[in-house]
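Turn these sequences into a full structure, and let the hints steer you where they fit.
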Amino acid sequence: MPQFGSDIFLLIANWIRGLFGANTYAADVVMDIVKFIMIYVVLVLAVMVFVMLERKVCAWMQLRVGPNRLGPRGWGQIIGDMIKLMGKEDFRPDNVDKWPWALAPMFFLGITIMVFAVLPFGRGMVPVDLDLGIFYILAISALSVLPVVTAGWASNNKYSLLGGMRSVAQMISYEIPLVFSLLGVVMITQTFKTSAIVEAQQHVWFVLLQPIGFVVYVIAAMAEINRAPFDLIEAESEFGCGYFTEYSGLRFGLFYLAEYANLFLISAVAATVFLGGWQGPFLPGWLWFAIKVLFMVFLIMWFRWTFPRFRVDQLMHFGWKVLLPLSLANIVLTGVGIYVYQLIFPGIGG
Amino acid sequence: MFGKGLIKGLGITGKHLFNRKVTEFYPEQKPVLPPRTRSSMYLDVPKCTACGICANTCPNNVITITSGKDENNKRVLTGYTMDTGRCLFCGLCTEACPSKALHTTTEFENAVYVKDELLWDMMKKYKADASKQEEGKDNG
Ligand code: SF4
Ligand code: SF4
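Residue numbers (this note's numbering), protein chains in the order written: chain X, 1 to 350; chain Y, 1 to 140.
Be aware that one or more of the hints could be misleading.
With a Cα cut of at most 30 Å, we get these calculated DSS-like pairs of lysine-lysine [stated by the list, open to error]:
#1 Y:K4 with X:K321
#2 Y:K30 with Y:K127
#3 Y:K125 with Y:K100
#4 Y:K8 with X:K321
#5 Y:K30 with Y:K69
#6 X:K88 with X:K158
#7 X:K88 with X:K98
#8 Y:K74 with Y:K127
#9 X:K84 with Y:K21
One-sided and incomplete, this derived list gives chain X residues near chain Y with beta-carbon spacing under 10 Å [claimed, not checked]:
#10 V65
#11 L287
#12 W302
#13 F307
Worth flagging that the hints you see were computed from the coordinates, not collected in a lab. Note that the coordinates shown come from a computational prediction; the quantities given were computed from them, not determined experimentally. Just so it is clear, CB atoms sit at the ideal spot from N, CA and C, and this is done for glycine as well.
Shown next, in the form of structure tokens:
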């Protein structure tokens with residue numbers, strides 16, 4: 001059932017493959033390069049949109065109009081921002097641990113880009129459709145704590161170090177509810193494959209079957225990427241800017257890019273796992289995916305500009321005493337639900 | 001109920017998203033300041049008797065007056081400068097002025113690039129203003 005405009009990217013991909021004829025190995029290599037470039041381009045464009053959206057949404061919520069000089073109604077401000085960041089001096093403070101300090105922002109962004117490889121951007125548009133897709137997402141994104149703590153440590157600054165240490169505590173505590181919240185969906189679909197999870201939501205989105213899982217996922221994911229109200233890691237009023245206090249110019253820009261790429265990532269995972277991915281009527285799949293991601297991004301921005309920041313102890317209490325039991329209860333409920341379902345409709349499902 | 005405050009907060013920010021914005025587009029759109037805003041000074045030179053009360057009242061020693069005598073041996077103002085770098089626009093001088101020659105005004109774009117320009121020659125200012133008004137009258 002081809003939809004209008006839906007398969008345009010697949011057609012392009014087939015055309016590129018066709019250029020190499022029988023040489024499938026060369027075609028694979030070229031396709032991988034093309035996919036990587038596409039992910040990067042989509043990522044950068046999405047981040048530009050999100051940064052602008054964030055500035056506008058936060059302004060509107062505070063009864064301001066936000067940036068209003070560059071471009072139509074100020075929406076071109078991001079170009080000015082980028083030129084400013086790129087035009088800055090590449091300044092390295094004395095006494096920083098040179099190599100870890102320089103590598104941390106690159107690894108932070110690199111890890112984020114890696115995760116995008118398994119996301120289904122549309123029908124048949126998974127760059128690398130791994131059997132263990134969800135597992136891969138969780139495993140790779142768990143790594144992102146390392147560059148943060150590296151940056152904090154290598155900056156040789158007590159505030160950066162405090163930020164880095166907090167990030168370890170926070171990310172590890174919220175990693176567990178995050179994993180458990182996705183487990184409910186995996187139990188229902190009996191697969192880790194992202195494309196299969198989207199296929200399974202043809203009739204009903206998993207946000208309806210797993211409302212608790214969805215809520216826990218959104219909260220834990222926001223904590224995982226350090227967004228307000230969980231931005232204790234870069235709490236400006238407490239210690240400057242946390243782990244990237246000592247960064248400026250393009251290196252800061254990389255952290256900034258990675259931060260919004262992470263926002264894109266958790267929104268995309270939420271859209272894939274809970275909101276039906278690219279499934280939707282009339283419009284092409286990739287457009288549905290974009291709409292759902294934008295919806296999630298807006299939701300998370302709304303939370304950010306409404307709620308005040310947690311205290312460190314509140315954060316820990318909430319993670320371990322509320323979210324973790326909630327996600328465990330959700331798993332038990334899902335298990336019971338699946339069992340009852342199989343009793344009523346024997347032979348359906350696993 | 002637990003979490004009610006969160007929902008309420010979301011409601012408020014959600015409403016603000018669509019409310020009318022309060023931002024003023026400053027250089028294009030001048031703000032309408034309350035009439036009693038004190039952000040600039042204006043001296044009505046003909047009214048001034050050069051009594052020097054304003055200069056004595058000022059806590060910051062902003063005002064410097066020089067005066068001379070005219071043909072009727074009456075005191076007239078010859079120079080009136082205000083070092084606005086020190087002026088608070090507190091308005092004490094205007095209240096002290098017995099002939100109501102000194103006013104505060106709502107004009108606020110007083111930033112200058114060099115320190116010397118902070119020294120306002122109030123008589124010159126009056127003359128410039130008067131000639132501007134003349135022009136306005138001629139044109140109108
Ligand atoms: S406004 Fe206040 S500070 Fe300024 S000249 Fe008058 S008395 Fe002095
Ligand atoms: S108090 Fe009034 S009349 Fe006297 S010198 Fe000052 S401005 Fe002139």
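So, going through the hints one by one against the coordinates:
At roughly 20 Å between alpha-carbon atoms, K4 of chain Y and K321 of chain X fall within 30 Å of each other, so this suggested pair holds. This hinted pair checks out: K30 of chain Y and K127 of chain Y have alpha carbons roughly 25 Å apart, not beyond 30 Å. For the suggested pair K125 of chain Y and K100 of chain Y, the alpha carbons sit about 17 Å apart, so the restraint of at most 30 Å is met. Distance check on the hinted pair: K8 of chain Y and K321 of chain X sit about 24 Å apart at the alpha-carbon level, within 30 Å; holds.
At most 30 Å may separate the alpha-carbon atoms for a hinted pair to count; K30 of chain Y and K69 of chain Y exceed this at roughly 43 Å. A distance of roughly 25 Å separates the Cα atoms of K88 of chain X and K158 of chain X; the hinted pair therefore holds under the 30 Å criterion. Distance check on the hinted pair: K88 of chain X and K98 of chain X sit about 19 Å apart at the alpha-carbon level, within 30 Å; holds. With a CA separation close to 22 Å, the supplied pair K74 of chain Y and K127 of chain Y stays within the 30 Å bound.
Using a Cα cut-off of 30 Å, the hinted pair K84 of chain X and K21 of chain Y holds, with the two alpha carbons roughly 28 Å apart. Against a cut-off of 10 Å between C-beta atoms, the interface hint on V65 of chain X holds, since the closest Cβ of chain Y lies about 4 Å away. Look at L287 of chain X: its Cβ only gets to about 24 Å from chain Y, farther than 10 Å, so that hint breaks. The beta carbon of W302 of chain X is positioned within 10 Å of a beta carbon in chain Y (closest approach about 6 Å), and the interface hint is therefore held.
Contact between F307 of chain X and chain Y, as hinted, is supported at the beta carbon level, the nearest pair being about 7 Å apart and thus within 10 Å.
The earlier numbered hints that this structure contradicts are 5, 11.
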